[in-house]
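Undergrad: Letter by letter, the chains look like this.
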Amino acid sequence: MEPFKQLTGIVAPVDRVNVDTDAIIPKQFLKRIERSGFGQFLFFEWRFHESGEVNAEFEPNKPRYQDASVLISRANFGCGSSREHAPWAILDYGFKVIIAPSYADIFYNNCFKNSILPIKLSEEQVEDLFQRTAKHDGYKLNVDLENKKLTDDYGLDLSFELDEHRRQFLLQGLDDIGLTLQHEDKISAYEQKHAARLG
Amino acid sequence: MAKKTMFEKIWDNHVIHQEEGKPSVIYIDLQLVHEVTSPQAFEGLRLSGRKVRRPDLTFATMDHNVPTKDRFNITDPISKQQVDTLTQNCKDFGVKLFDLDSIDQGVVHVMGPELGLTHPGKTIVCGDSHTSTHGAFGALAFGIGTSEVEHVMATQCLQQSKAKTMEVRFIGNRKPGVTAKDMILGVIAKYGTDFATGYVLEYTGESIRSLTMEERMTVCNMSIEGGARAGLIAPDETTFNYLRGREYAPASYDEAVAAWKQLTTDEGAVYDTVVEFDVDSLIPQVTWGTSPGMGTDITSSVPNPADLPTENERKAAEKALEYMDLKPGTPMSEIEIDYVFIGSCTNGRIEDLRAAAEIARGYKVSNRVTAIVVPGSGRVKIQAEKEGLDKVFTEAGFEWRDAGCSMCLAMNPDVLKPGQRCASTSNRNFEGRQGRGGRTHLLSPAMAVAAAVNGRFTDVRDWEIKTEVLN
Chain A
12 MEPFKQLTGI VAPVDRVNVD TDAIIPKQFL KRIERSGFGQ FLFFEWRFHE SGEVNAEFEP
72 NKPRYQDASV LISRANFGCG SSREHAPWAI LDYGFKVIIA PSYADIFYNN CFKNSILPIK
132 LSEEQVEDLF QRTAKHDGYK LNVDLENKKL TDDYGLDLSF ELDEHRRQFL LQGLDDIGLT
192 LQHEDKISAY EQKHAARLG
Chain B
42 MAKKTMFEKI WDNHVIHQEE GKPSVIYIDL QLVHEVTSPQ AFEGLRLSGR KVRRPDLTFA
102 TMDHNVPTKD RFNITDPISK QQVDTLTQNC KDFGVKLFDL DSIDQGVVHV MGPELGLTHP
162 GKTIVCGDSH TSTHGAFGAL AFGIGTSEVE HVMATQCLQQ SKAKTMEVRF IGNRKPGVTA
222 KDMILGVIAK YGTDFATGYV LEYTGESIRS LTMEERMTVC NMSIEGGARA GLIAPDETTF
282 NYLRGREYAP ASYDEAVAAW KQLTTDEGAV YDTVVEFDVD SLIPQVTWGT SPGMGTDITS
342 SVPNPADLPT ENERKAAEKA LEYMDLKPGT PMSEIEIDYV FIGSCTNGRI EDLRAAAEIA
402 RGYKVSNRVT AIVVPGSGRV KIQAEKEGLD KVFTEAGFEW RDAGCSMCLA MNPDVLKPGQ
462 RCASTSNRNF EGRQGRGGRT HLLSPAMAVA AAVNGRFTDV RDWEIKTEVL N
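Order-wise, the sequence lines are chains A and B.
Residue numbers for the first sequence, in our numbering: 12 to 210.
Residue numbers for the second sequence, in our numbering: 42 to 512.
A hint or two may mislead.
[Stated by the list, open to error] PhoX-like cross-link-like pairs, simulated, lysine-lysine; straight-line CA separation at most 25 Å:
{"#": "1", "chain 1": "B", "residue 1": "K356", "chain 2": "A", "residue 2": "K73"}
{"#": "2", "chain 1": "A", "residue 1": "K131", "chain 2": "B", "residue 2": "K63"}
{"#": "3", "chain 1": "A", "residue 1": "K16", "chain 2": "B", "residue 2": "K63"}
{"#": "4", "chain 1": "A", "residue 1": "K131", "chain 2": "B", "residue 2": "K121"}
{"#": "5", "chain 1": "B", "residue 1": "K63", "chain 2": "A", "residue 2": "K160"}
{"#": "6", "chain 1": "A", "residue 1": "K146", "chain 2": "B", "residue 2": "K360"}
{"#": "7", "chain 1": "B", "residue 1": "K356", "chain 2": "A", "residue 2": "K146"}
{"#": "8", "chain 1": "B", "residue 1": "K45", "chain 2": "A", "residue 2": "K204"}
{"#": "9", "chain 1": "B", "residue 1": "K50", "chain 2": "A", "residue 2": "K204"}
{"#": "10", "chain 1": "A", "residue 1": "K124", "chain 2": "A", "residue 2": "K146"}
{"#": "11", "chain 1": "B", "residue 1": "K405", "chain 2": "B", "residue 2": "K458"}
It is worth saying that the hints were derived from the structure and are not from the lab.
Values in this document were obtained by computation on a predicted structure and should not be read as measured data.
Given the sequences, and given the hints that come with them, work out the whole structure.
TA: Written out as structure tokens, the structure reads:
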């Protein structure tokens, strides 16, 4: 997997609580059998009108947020279905970092499998970022995973928390199937011990 | 010896490896597979030259894309490709598949328990968030993403950090007309859609003990709508009686039961958090918004966003009401509907269909309403037909369909049109869930039938039950 260490990118806002995975990528786009190409469908029903026209009101569609790579949103981001198509779409669209006060468990976990960094900040810190994003055209954040720091050109200097194992996982771009297979002897021993139950 | 909760016992039984500061490696006893979240996992195995480690612990079916009319004729070429890909993958990797020809084909979370694959104490995963359903048996069951589907296929293990534990204690007993669906909708309306993030729930109390196995599945199914990693109910005679004699029930059944009895939470074990929910005063629930937590009593009204405590909640409620085209203060019982969907892994089992048929018998679906009944599996369908429930539904004006996920997420041809309002027995009322611009209200099967008949939400507690079908 691609390691993630540092990124400086334009911030785009989606100002809603409970952004669910159906909103991130609607079900009609889950039929593909590939991992790639989902970015065109990200937030589809918010980005496009029924006619297919671009919804100019939807914030990420505005010219100032083109080429954004940091997404900010509100609490319980990624709730709903377990579809990994959601992080695939986010990544394929160009976002590498998400910032929100909280995430649904499965979505949060899925992000790390795809080299996406989901950062948790307090409600107040996230609100501050929404205001900074609105105030400064082309607002950028510097995301430094090695030092767990967020900075901008206007004096912001924030630390964020992240489980150390997850941090290393992203920094090194680890293959977790490979990691688990290092315990092959223990897996086999478990299977032998529980053979009667497992059948 | 340390007192343990049921979750801790199941967890400890499955830890393969643990070290400080890292997730544990836990063994997975059963993986269920469906067509939507598996193709990329199988492809990953191919690319890395890996096999499915335990095809004997892996079972697949197709459910999300399956048409409920003319089921063998999948007209959407991309849907068909996904279904065909699953068939080929199962063949290539030696995984047992219950396909469209099988009587056992159905919604994966209806099929597993029905076959007796779901046992107390097992760890069960599936690339589907409603895997929490299987927790009704006292199995630790949770949804995973496709990368983890591949991980389990390759290793039969997962790396997991241990969840916290929460007891959801139901106080008192249900009144007539109040269902398991109302219990879980009530909990989520009270505590919100993220109260359980990071937790494994254990549902306790007299009103949980008295639920049938299928009602327990309805409760556990929606654990994920509260944000929980999983939801558990301790196994008891109800569980043991349900599983006895099923195809994949353990051969040495009495021995298995003896082991399962040891799984219950020890007297004096401590949960990280405890919440309570009053069942005595619970009345039938209907959601009004675009999140499962936006629900209320049938006797209540659409809330006023201005009355909500935080700015974010107010904004969310305003957006939801705009999407749902509802005005604050409108009595729930005055909201008119266009569509009724009875089915899904929440409420597509035989008892759900019996409960729905009891209300439908002798009535007619309103002229303005399209109503469909979609059995959760081929077996549910056959059983319902044996009991004549299909006749009750069709006499009343419901369409009687074939098994699948159908309009729960509308990946197949069963889709709402923009602006249509649906009374749905499923689990999610997100924007666009049942079709772009479609408006979903969650409720119990009995409440859904009452709404179908009257064309508006109706308190099923006032319903006159008839014993004869209307000719």
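Undergrad: None of the hints should be skipped; say for each whether it holds.
TA: Hints and how they fare:
1. Between the alpha carbons of K356/B and K73/A the distance comes to roughly 21 Å, so the proposed pair stays at or under 25 Å and holds.
2. For the suggested pair K131/A and K63/B, the alpha carbons sit about 20 Å apart, so the restraint of at most 25 Å is met.
3. Taken as a hint, the K16/A and K63/B pair is honoured in the structure, with Cα atoms around 20 Å apart against an allowance of 25 Å.
4. With a CA separation close to 40 Å, the supplied pair K131/A and K121/B exceeds the 25 Å bound.
5. For the suggested pair K63/B and K160/A, the alpha carbons sit about 22 Å apart, so the restraint of at most 25 Å is met.
6. Proposed proximity of K146/A and K360/B is supported: the alpha carbons are some 24 Å apart, at most 25 Å.
7. Taking the CA atoms of K356/B and K146/A, the gap is about 21 Å. The hint holds against a cut of 25 Å.
8. Annotation: proposed proximity of K45/B to K204/A holds, straight-line Cα distance about 23 Å (limit 25 Å).
9. For the hint pairing K50/B with K204/A, the CA-to-CA distance comes to about 17 Å; that is within 25 Å, so the pair holds.
10. Proposed proximity of K124/A and K146/A is contradicted: the alpha carbons are some 33 Å apart, above 25 Å.
11. This hinted pair checks out: K405/B and K458/B have alpha carbons roughly 23 Å apart, not beyond 25 Å.
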